[in-house]
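Chains as they are written, first to last, in this note's numbering: chain A, 104 to 630; chain B, 4 to 256; chain C, 14 to 640; chain D, 315 to 436.
I should point out that these hints are in silico values taken from the structure, not numbers from a laboratory. Watch out, some of these pointers could steer you wrong.
Per label pair, the in silico range of CB-to-CB distance [claimed, not checked]:
id: 1; chain 1: A; residue 1: Arg507; chain 2: C; residue 2: Asp205; range: 18 to 26 Å
id: 2; chain 1: A; residue 1: Lys398; chain 2: C; residue 2: Leu424; range: 38 to 46 Å
id: 3; chain 1: C; residue 1: Phe583; chain 2: A; residue 2: Ala604; range: 34 to 42 Å
id: 4; chain 1: C; residue 1: Glu506; chain 2: A; residue 2: Val608; range: 50 to 58 Å
id: 5; chain 1: D; residue 1: Ile328; chain 2: B; residue 2: Ser132; range: 38 to 46 Å
id: 6; chain 1: C; residue 1: Ala216; chain 2: A; residue 2: Pro146; range: 50 to 58 Å
id: 7; chain 1: C; residue 1: Asn378; chain 2: A; residue 2: Lys398; range: 54 to 62 Å
id: 8; chain 1: D; residue 1: Asp384; chain 2: B; residue 2: Gly198; range: 47 to 55 Å
id: 9; chain 1: C; residue 1: Gly375; chain 2: A; residue 2: Ala509; range: 52 to 60 Å
Quick list of in silico lysine-lysine cross-link-like pairs, DSS-like style, CA-CA up to 27 Å [as the list claims (entries may be wrong)]:
id: 10; chain 1: A; residue 1: Lys398; chain 2: C; residue 2: Lys169
id: 11; chain 1: D; residue 1: Lys368; chain 2: B; residue 2: Lys6
id: 12; chain 1: C; residue 1: Lys465; chain 2: C; residue 2: Lys593
id: 13; chain 1: D; residue 1: Lys422; chain 2: D; residue 2: Lys341
id: 14; chain 1: C; residue 1: Lys447; chain 2: C; residue 2: Lys169
id: 15; chain 1: D; residue 1: Lys341; chain 2: B; residue 2: Lys6
id: 16; chain 1: D; residue 1: Lys424; chain 2: B; residue 2: Lys6
id: 17; chain 1: C; residue 1: Lys381; chain 2: C; residue 2: Lys465
id: 18; chain 1: C; residue 1: Lys290; chain 2: C; residue 2: Lys388
id: 19; chain 1: C; residue 1: Lys465; chain 2: C; residue 2: Lys447
id: 20; chain 1: C; residue 1: Lys169; chain 2: C; residue 2: Lys51
id: 21; chain 1: C; residue 1: Lys593; chain 2: C; residue 2: Lys447
id: 22; chain 1: C; residue 1: Lys388; chain 2: C; residue 2: Lys549
id: 23; chain 1: C; residue 1: Lys381; chain 2: C; residue 2: Lys501
id: 24; chain 1: C; residue 1: Lys169; chain 2: C; residue 2: Lys381
id: 25; chain 1: A; residue 1: Lys211; chain 2: D; residue 2: Lys422
id: 26; chain 1: C; residue 1: Lys465; chain 2: C; residue 2: Lys387
id: 27; chain 1: C; residue 1: Lys387; chain 2: C; residue 2: Lys169
id: 28; chain 1: D; residue 1: Lys422; chain 2: A; residue 2: Lys398
id: 29; chain 1: C; residue 1: Lys501; chain 2: C; residue 2: Lys447
id: 30; chain 1: A; residue 1: Lys398; chain 2: D; residue 2: Lys435
Which chain D residues stay away from chain A? Per the calculated CB distances, all over 12 Å, these [to be verified]:
id: 31; residue: Thr324
id: 32; residue: Asp369
id: 33; residue: Ser379
id: 34; residue: Gly380
id: 35; residue: Pro394
Idealized CB from N, CA, C, for every residue including glycine.
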Amino acid sequence: MVSPMILIALPLATAFLIVLIGSRVAARWLALAAVALLVGLAPFWFADILRNGPMSIVLADVLPPLGIAFGLDALSAGFVLLIAVSGLLVLLYSVPYIPHAGQFEGAKKAETRYYALFLLLMAGSFGLVMTKDIFNLFVFFEILCISSYILVAYSQEERSLEAGIKYMILGSIGSAFMLVAIGLSYRVAGSLAMNDIGLALAAAPHGYALLVAVLFTLGFGIEAAIFPLNTWLPDAHSSAPSSISAVLSGFVIEVALVVLVRIGISVFGTLMEPALGVLALAGVVVGELAALGQKELKRTLAFSSIGQVSIMLFAFSLGTQSGDWAGLGQLLMHTGAKSALFLVSGYFILRTGSHEIESYRGLARRMPAAAAFFSLAALSLVGMPPFFGFFTKFRIIEVAAAARSALGYAGIVVILFGTVIEAVYLFRIVRVLYGGAIEGARSDALVGIEAAAGADGATPFADGATQGALANAAGSLASAATPTRADLPALAWIAVAGFVALVLVGGFAFPWFDQALQPIAAALATL
Amino acid sequence: MRKVIGFLLIASFAFFIVSLVARDLWVDDPSQVRTLGQAAIGQTIPQSGAANTVTAIVVQFRGLDTLGEVTVLFLSALGVALLSGEFAGRGLSELFADDGGFILHYGTRLVLPLIALVGAYIVAHGHLSPGGGFPGGVLIATAVFAVLMTNAQQRLSTRLMAVIEGLAGLAFVGLGTLGLLGDKFSFLANVLPKGQLGYLFSAGIIPLIYAAVGTKVAAELSTLVTSLTGSDRDGGEDHGASSIPADTQGGAR
Amino acid sequence: MSITTLLLVPLAGFLGGLALAALVPGSKSPRTSGAIQKFVAVAGFALLFVEALATRSSAGVSSIELWLFGFPLHFAMTQLSWYFIAMVTGITLVTVLFSLQGLRDNGKYPLYYVWLFAKTFGMLGVLLANDLLSFFIMWEVMSWCTYFLLQQGGEKSKRAAGSYLVYAVVAGMTLLGGLMYVLFHVGSVEFDAISKAFAGFGAGSVIVALVLILIPMLIEAAAYPAHWWLPSAYANAETGISAYLAAISTRIGIYGMTFFLFAGFGLSVINIASVNKFVSVQEVLMVIGAFTMVVPTFTALFQHDAKELMTWHSIGQGGYMIVGIASSTTLGIAGGLFHVFNHMAYVSLILFSIAAVEYRTGTTNLNKLGGLIKKQPIAYLGMLFGIIGLAGIPPMNGFVSKWLIYRALILSGHPFIALSAIIATLGTILSVYKLIHNTFLGQLPERYNDVKEVGWGMRLPIIFMMAVVWFTGIFPGTILSVIADIQKSLGLEAIAVTAHGVAPSMGQLNMLVINIVFIAALLVSWLIYLAAGKRKHIGQYDNYAAGHFLDASIPYNYNYDFYAGMDHIFGPALHKPPVKRFEQSIVAVVAGASEYLRRLFTGNVTTYAAYVVAAAVVVLLALGGGR
Amino acid sequence: MISVSAVLYTTSIILILLGLYGALTRKNLIRTVISLDVIDLGVNIFLITIGYIKDGRAPIYVVGSGSLSDQAARMADPLPQSLVLTAIVIGFGVTAVALTLIMRLYEKRKTVEVSETRGLKW
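Chain A with its partners taken away, still in its complex shape (with noise of 0.2 Å):
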């Protein structure tokens, strides 16, 4: 068996091996063969955790509290997993798309930093889930942070540097809020391991061990996106490439929350519990309801990540291990239809050159694989019986109903609306994709792929009958799987397919899920 190490030891090395050889190609092949490998090993370990039990890992050879705890249990194994996953979907969408997301000087240059930014995300992200030392956490937060802030920025447009310029700033903030929290944990605690620091906390006074809870959970929470301190998330996660969007919404935030939610769990005991759910349900609102005014489709996205990582804070802050179980069944379930939702408007927006929803009128004729996989995910995401979402959904208000409490209650509630207002808004961009003729200014644009992919002896609209055919909604989800010239590139294919794979096999084989999700549900609550 491989040590778990290679997690962080792989990508870090592959990284600087990256900026050492410089090259683009190279760079490429780096990236996806170390993660690749990780894809391949992150099983096993997940299965061995299951049989074995929690593997902790001697860094150092000094045995913690001196040296660092950490190791991987049922929590840690099933993120590394996911996280892996994800990044290698997202590195091959990445292959055909990051040349063309940053028009700059110096842009074949940046490429190659790409990939070592984003191994060194993944490295961060790894950590992050292992580490079970207070302080080690800051620091793999701050990887994880510094690669998302200027990935964010990567293609160097006013917006994104912006974007990137209020990330840091919160994010700075939330640094130093959890430094002062670690601080005053190490000082009433004399150890920087997780579980002392709960035992100390619980003994300390109540005003003690409720800074440290707030400071902390405010600091971490910026990364988590609870409600007022996610102000920074529909900037950051609609300027961003959308690759790295799919990266940010589909498991850096989750990540964050997670692992929030275990040292809430673990260390503070029940004390945020009631102010997260509060904050949680308002998230739901604000986000929903944000979402519904946007014109722009990363915009909406984004914002509806907002919501639906509150809905998952919710599920988690009942402070019951099926709410914690339904929630992890919503993150499963949010990664893959949001991360497949951010590829696809990535190549929306690359085909049209616009950011505004009102502008893909029509696309699904030119890029119907595309929009089918839109309009999947965006089911799922809503949560129709069939799929992913449904169950997950379920299995939340299920919960909530059982925690006979009123904040139970409201939660049922608010998510029901939520649902709706989340139907209304992405359901009203497939129709725009799969609406009438194009219109306005944008359509020279589509003239312009039209001829790409006709000259190409490609001649995908040449008779009125398809034209109209592939207008329909589900003319394109038929049509998925003869993708044209215009649509995604073959690599790009794969990864958003990979992503909808999931929400769909998710939904056939929920209970394979539920019951993956079982042990990790139960380590949530453990460290």
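For this one, chain A is given, so just place chains B, C and D on it according to the hints.
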């Protein structure tokens, strides 16, 4: 208005902090090191062979933190290089356009080896005295910085720096992996002989790691400064293959 | 086995159709792929209909449990569900047969049949569901399939589908809320367990559960305050789909209402769910039904589009069903359920006729049509039969069910509801007169001189539905005996039926006699007309108005803005009624909230930083940091 | 008698709050970043203070100045020091990236005013 609201918020925040932890923070004046600190002090010599307990903690006991820290620096150098991709010939370079003149030129060249030497000394003695890879590396980078500041014509190859920092980073990870290969089977384990306390060649892998860190920090800070001042010798272009694969050409706007 | 077949055939039709469309893309061989799809559709729906008819014997005995998606889903066939299943499969088959020729521009709707399969799957699932969870899942499937089916039209239809979606999702979420409420009060989603538990519950819990469950049913049935989505959605769909949707899709709501009032939650539930004699779920339903009868019917009066007019009627007729069933008397339930069948028959008949007209003229605008009686006599007769049924005039079937409902209302002491039913009938008669007059009577516009009757592919379904409408008018017993079986199986008093109507024990009605009298009266007047010897053939233009003789070049179009005077008086109240304004205000509130909450994201990073500090302060304050 | 640690704690908390106030009120992005550095400084002082003990010495063993156990008994807590080392480096990295971002934005928009850096809102 903003100021008033800001003040009120900060004031109430301050009120809470003070009311919540005042008693704990202000009253006691500790005379005893906390548990973990004591453990670190006690374990430094037997486990690492270093004289500087802080170094022992930084490089060995909490070596993963340091690996992360190095990564953060690497990240920021990478980020600055990436984001300043267009600075070549612009950016802060105007500030550095003034030639320092004869005295500064040669003065800098004179002190350059001295600064670098002191830096190297600090790096090398990290396990014995205050200092180590970070301050030492910064000191070495300062020398580079001084040269760039005083001589407008001076250029530095970021390519070379990238190779150096990549190698240094790989060395760190490689030294860590050494621990995995050894009988302790533990990442970053101190598998080399510890030597005698207080000697330069002691403390196992700690000086080696600090050497890697020092090199890396120096290279990264130099890259950072080079990128920001636009004094990159190589210009903006990539060294790798530059053709976009055929199947990715679809992104025409 | 039979239930499995009923569920699997449409599912296979849907998935197979999708696969087929993917494998034989319309772009390469639209003709072949179209032909294959048509063949599959006819074969599939025919199989379904035969299967449905054959499974009547298994009603009440057959049930299956599917472990689908890890949940046990129970499906069972009851007398009630069989009745609806037979109607669903039958009318779908007729619609498909009609659409073979009637679907204009086939290439435009390549997946029409595929989504029809999906929708049928959803409906059959809802009808067969035997626990609340399966019911909900299939309900959602059905709603979404309706949405996609509606997407199979033009731009307007898609927009309408969007507004349908909002109502459908609201309905679905309310149902989910109800499901959760029941699950946590009873601890089970099995109907047996729920009925047992509800029998011992107080009024409060039962009312909450019933209200949460019935609201989605009423939305689906387009009952009064929630009916605004329907006209635009149905009227802008392809006419074949409109017929199908108006005839049966909406009535799944009626099925759900009947099911939850009398079967799913036990028979006692309707008695428990009352605060006093005047305030009860039953009474509220009747009032809703009364509004549903009157308001949409009079709104229909002022429509200028044949399909839109009919969709308004389709809403209005739902009111009769609601009132009848909610009266919970033997005659009322029988009338309500019978009315579902009758409505299905005559509404599809009328919409087929309209489709036939649209097929030839390309429009359904009542201000542009007229005088087509000689050009399209079959369509004319179809519409004539249909509107006689719709208006509830003997000898067609609509009369029987309405008669039962009137009688039930009066006998159960609801004179005002009965009065509103009669008022609604008046509105119906007025507006169907407008419909048939503006389409077929009056002068033929010149541009329609070359219009011909449609082909046999469309004629035959029209003739068949005419036969159904009249046959069930003469022999209502065929259907009423099925309804009597339903009532028996539910444990209600069954209606006493004869072949031609209702047995004397329940107030005699013999449609054979009525038909004979009716035909005799026609004959007599025909004879008088012949005997009088003053007949003279006149052409369509041999007419005058306002002192002008008309000719083909300047026909005085009576049709234009029919009932303009009434529209002037009542229109303002009906075109923008309080309900519509209420809906708009909800939309405005949500949009306003969205706009307002969006402002939280000011874009100013220092404000964002202030939020962080403010959040810290508020959380500290809320968690008792001040102590 | 006011203890050293009390003074240091007070200083650090005042610095943190001052920095926060700056981040909340300054209208210039550069100043905001400087405010963040002030917060960082406060936090670092706070961390160091946690390691403070009365009459402590630097936690470095010196060969030949007394027994090692004697030295160990008088040492200050080395752990917060090592944490601060890491925190400083991280703070530096963040500042470097932040300033680069602001420079790039200034290139594009010719402003570092917070109120004008609001292209993304609502």
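**Message:** Taking the earlier hints as the rules, which of them does this structure contradict?
**Reply:** Going through the list in order, the structure violates hints 2, 3, 5, 7, 8, 11, 12, 18, 23, 27, 29, 35 and respects the others.
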